[in-house]
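J.: Each chain is listed here by its residues.
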Amino acid sequence: MATATASQTIGPFWHLLEDKDWADLTRFGATGERITLIGRVQDGAGAPVADACVEIWQADPPADDTFPGFGRCGTDQNGMFRFATLKPGPVPGRGNATQAPHIAIQVFARGLLRGLVTRAYFEGESLNETDPLLTAIDSPARRKTLIARPAGEATWRLDIRLQGGDETVFLDV
Amino acid sequence: MADPVPFRAYSPGSQPPYGASAYRSTTARHPKQKLQPLPHTVTETTGPRFAPGRFEPIADLSVVDGKPALGERIIVAGTITDEDGRPVPDTMIEIWQANCAGRYQHPGDTHDAPLDENFRGAGRVFTDAEGHYRFVTIRPGAYPWANAPNAWRPNHIHFSYFGPAFATRLITQMYFEGDPLLPHDPVLQAIPDESARQRLVASLDFSIGQEDWALGYRFDVVLRGRSATPMENT
Ligand SMILES: [Fe+2]
Chain A
1 MATATASQTI GPFWHLLEDK DWADLTRFGA TGERITLIGR VQDGAGAPVA
51 DACVEIWQAD PPADDTFPGF GRCGTDQNGM FRFATLKPGP VPGRGNATQA
101 PHIAIQVFAR GLLRGLVTRA YFEGESLNET DPLLTAIDSP ARRKTLIARP
151 AGEATWRLDI RLQGGDETVF LDV
Chain B
1 MADPVPFRAY SPGSQPPYGA SAYRSTTARH PKQKLQPLPH TVTETTGPRF
51 APGRFEPIAD LSVVDGKPAL GERIIVAGTI TDEDGRPVPD TMIEIWQANC
101 AGRYQHPGDT HDAPLDENFR GAGRVFTDAE GHYRFVTIRP GAYPWANAPN
151 AWRPNHIHFS YFGPAFATRL ITQMYFEGDP LLPHDPVLQA IPDESARQRL
201 VASLDFSIGQ EDWALGYRFD VVLRGRSATP MENT
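Line by line, the protein sequences are chains A and B. The numbers in the numbering used here rise by one with no breaks, and the one at position 80 of the first sequence is 80. The numbers in the numbering used here rise by one with no breaks, and the one at position 18 of the second sequence is 18.
It is worth saying that the hints were derived from the structure and are not from the lab. It cannot be assumed that every hint is accurate.
As the list claims (entries may be wrong) - List of simulated lysine to aspartate or glutamate pairs, DMTMM-like, C-alpha gap at most 25 Å:
| # | chain 1 | residue 1 | chain 2 | residue 2 |
| --- | --- | --- | --- | --- |
| 1 | A | Lys20 | B | Glu56 |
| 2 | A | Lys144 | A | Glu123 |
| 3 | B | Lys34 | A | Glu129 |
| 4 | B | Lys67 | B | Asp116 |
| 5 | B | Lys67 | A | Glu18 |
| 6 | B | Lys32 | B | Asp193 |
| 7 | A | Lys20 | B | Asp109 |
| 8 | B | Lys67 | B | Asp212 |
| 9 | A | Lys20 | B | Glu117 |
| 10 | B | Lys34 | A | Glu33 |
| 11 | A | Lys20 | B | Asp60 |
| 12 | A | Lys144 | A | Glu125 |
| 13 | B | Lys32 | A | Asp172 |
| 14 | A | Lys144 | A | Glu167 |
| 15 | B | Lys32 | A | Asp166 |
| 16 | A | Lys20 | B | Glu94 |
| 17 | A | Lys144 | A | Asp172 |
| 18 | B | Lys32 | A | Asp159 |
| 19 | B | Lys34 | A | Glu18 |
| 20 | A | Lys20 | B | Asp112 |
| 21 | B | Lys34 | A | Asp172 |
| 22 | B | Lys32 | A | Glu167 |
| 23 | A | Lys20 | B | Asp116 |
| 24 | B | Lys67 | B | Asp112 |
| 25 | A | Lys144 | A | Glu33 |
| 26 | B | Lys67 | B | Glu117 |
| 27 | A | Lys87 | B | Asp3 |
| 28 | B | Lys32 | A | Asp138 |
One chain only, chain A, in its complex shape:
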């Protein structure tokens, strides 16, 4: 029985794969509550990470022919990413738990030998108070690193700090 193959960095030249349309999860005609998810990826020195590949996956709304549920966006010179997607609803957690609406995020970049997984929750959702992951994080300041804030018309912002005092909570999945 073989164990899973080792990860290696995505490197600085992954853009050879990039199709910028992939940042728009509504491009196949999905209907629902459209939102924009933006954010900035920065390193431990506070510098923008300008060559990251940011991917998102959401289990809700369920993926179908009109909604891929998956998106990919390269960060720009300022470390910014931007996705157009649909607002997720709650999904089941383990046991009888309910998870607050969230979008899974994975960051790949030069200097990351493995991808880093985190989540974007949405500020103001009442289910955030009982979400199994959010409530498992003891520090309120750390918990906040997973909660996107309103940033304009139907727009939510979650910055991702790879390292440092306000480091994002990354998940062991």
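Please build the complex by placing chain B with the ligand on the supplied structure of chain A, with the hints as guidance.
T.: Below, chain B with the ligand alone, put in the same frame as chain A:
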């Protein structure tokens, strides 16, 4: 509703750490806090589906508009299985690499080596029902990088895999048997287990190659398997 069956934890030593001092770019980019454990939920046990009808396969990187790229043509093939040896069918594989001179068709690549307009720097293939895949390309050249004085990356092809779930996503690099740069590469050497490193090195395989046309290399990949069979309801 029954809980989704989680994927197995990564085997110790099989994966590189986030911080690896010999690979300089990790210094300011790796988290220093402990990762937060997350028992798998539907978010981790489901994942994107890509169909060849919508994401057109590109299985030959060695030709553009009928004109052949320069360099040594090779065929790369193998099987994708999970940790229980079951094939991973109908999954998308993305590929990208430098040309035969060690140059990427990328504005950020300033290496003083020629571009080749007849080389496609990227491709995309799907596994068949038995988990097999195959593509044609050019053996990539080594290239220098800023990690250390006179540092060179070994010949490598970048790969991206999805598998059945968000939790099975994998990005890695394939190396070539016999490359003298392998022991000097801090990216490959960051993987603790010798056997795990060895599995990223493709082996020459004459059954994959094609007589009078191309050498063949085998690169088999294992994606995470499910951790256990679910308990029956009693
Ligand atoms: Fe590379």
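J.: Please go over all the hints and tell whether each is borne out by the structure.
T.: These are the hints, each one checked on the structure:
{"no.": "1", "hint": "Lys20/A <-> Glu56/B", "verdict": "holds (16 Å)"}
{"no.": "2", "hint": "Lys144/A <-> Glu123/A", "verdict": "holds (9 Å)"}
{"no.": "3", "hint": "Lys34/B <-> Glu129/A", "verdict": "holds (23 Å)"}
{"no.": "4", "hint": "Lys67/B <-> Asp116/B", "verdict": "holds (11 Å)"}
{"no.": "5", "hint": "Lys67/B <-> Glu18/A", "verdict": "holds (24 Å)"}
{"no.": "6", "hint": "Lys32/B <-> Asp193/B", "verdict": "holds (22 Å)"}
{"no.": "7", "hint": "Lys20/A <-> Asp109/B", "verdict": "holds (20 Å)"}
{"no.": "8", "hint": "Lys67/B <-> Asp212/B", "verdict": "holds (18 Å)"}
{"no.": "9", "hint": "Lys20/A <-> Glu117/B", "verdict": "holds (22 Å)"}
{"no.": "10", "hint": "Lys34/B <-> Glu33/A", "verdict": "violated (35 Å)"}
{"no.": "11", "hint": "Lys20/A <-> Asp60/B", "verdict": "holds (23 Å)"}
{"no.": "12", "hint": "Lys144/A <-> Glu125/A", "verdict": "holds (13 Å)"}
{"no.": "13", "hint": "Lys32/B <-> Asp172/A", "verdict": "holds (13 Å)"}
{"no.": "14", "hint": "Lys144/A <-> Glu167/A", "verdict": "holds (11 Å)"}
{"no.": "15", "hint": "Lys32/B <-> Asp166/A", "verdict": "holds (11 Å)"}
{"no.": "16", "hint": "Lys20/A <-> Glu94/B", "verdict": "holds (16 Å)"}
{"no.": "17", "hint": "Lys144/A <-> Asp172/A", "verdict": "holds (18 Å)"}
{"no.": "18", "hint": "Lys32/B <-> Asp159/A", "verdict": "holds (17 Å)"}
{"no.": "19", "hint": "Lys34/B <-> Glu18/A", "verdict": "violated (31 Å)"}
{"no.": "20", "hint": "Lys20/A <-> Asp112/B", "verdict": "violated (28 Å)"}
{"no.": "21", "hint": "Lys34/B <-> Asp172/A", "verdict": "holds (9 Å)"}
{"no.": "22", "hint": "Lys32/B <-> Glu167/A", "verdict": "holds (8 Å)"}
{"no.": "23", "hint": "Lys20/A <-> Asp116/B", "verdict": "holds (24 Å)"}
{"no.": "24", "hint": "Lys67/B <-> Asp112/B", "verdict": "holds (24 Å)"}
{"no.": "25", "hint": "Lys144/A <-> Glu33/A", "verdict": "holds (24 Å)"}
{"no.": "26", "hint": "Lys67/B <-> Glu117/B", "verdict": "holds (9 Å)"}
{"no.": "27", "hint": "Lys87/A <-> Asp3/B", "verdict": "holds (24 Å)"}
{"no.": "28", "hint": "Lys32/B <-> Asp138/A", "verdict": "holds (17 Å)"}
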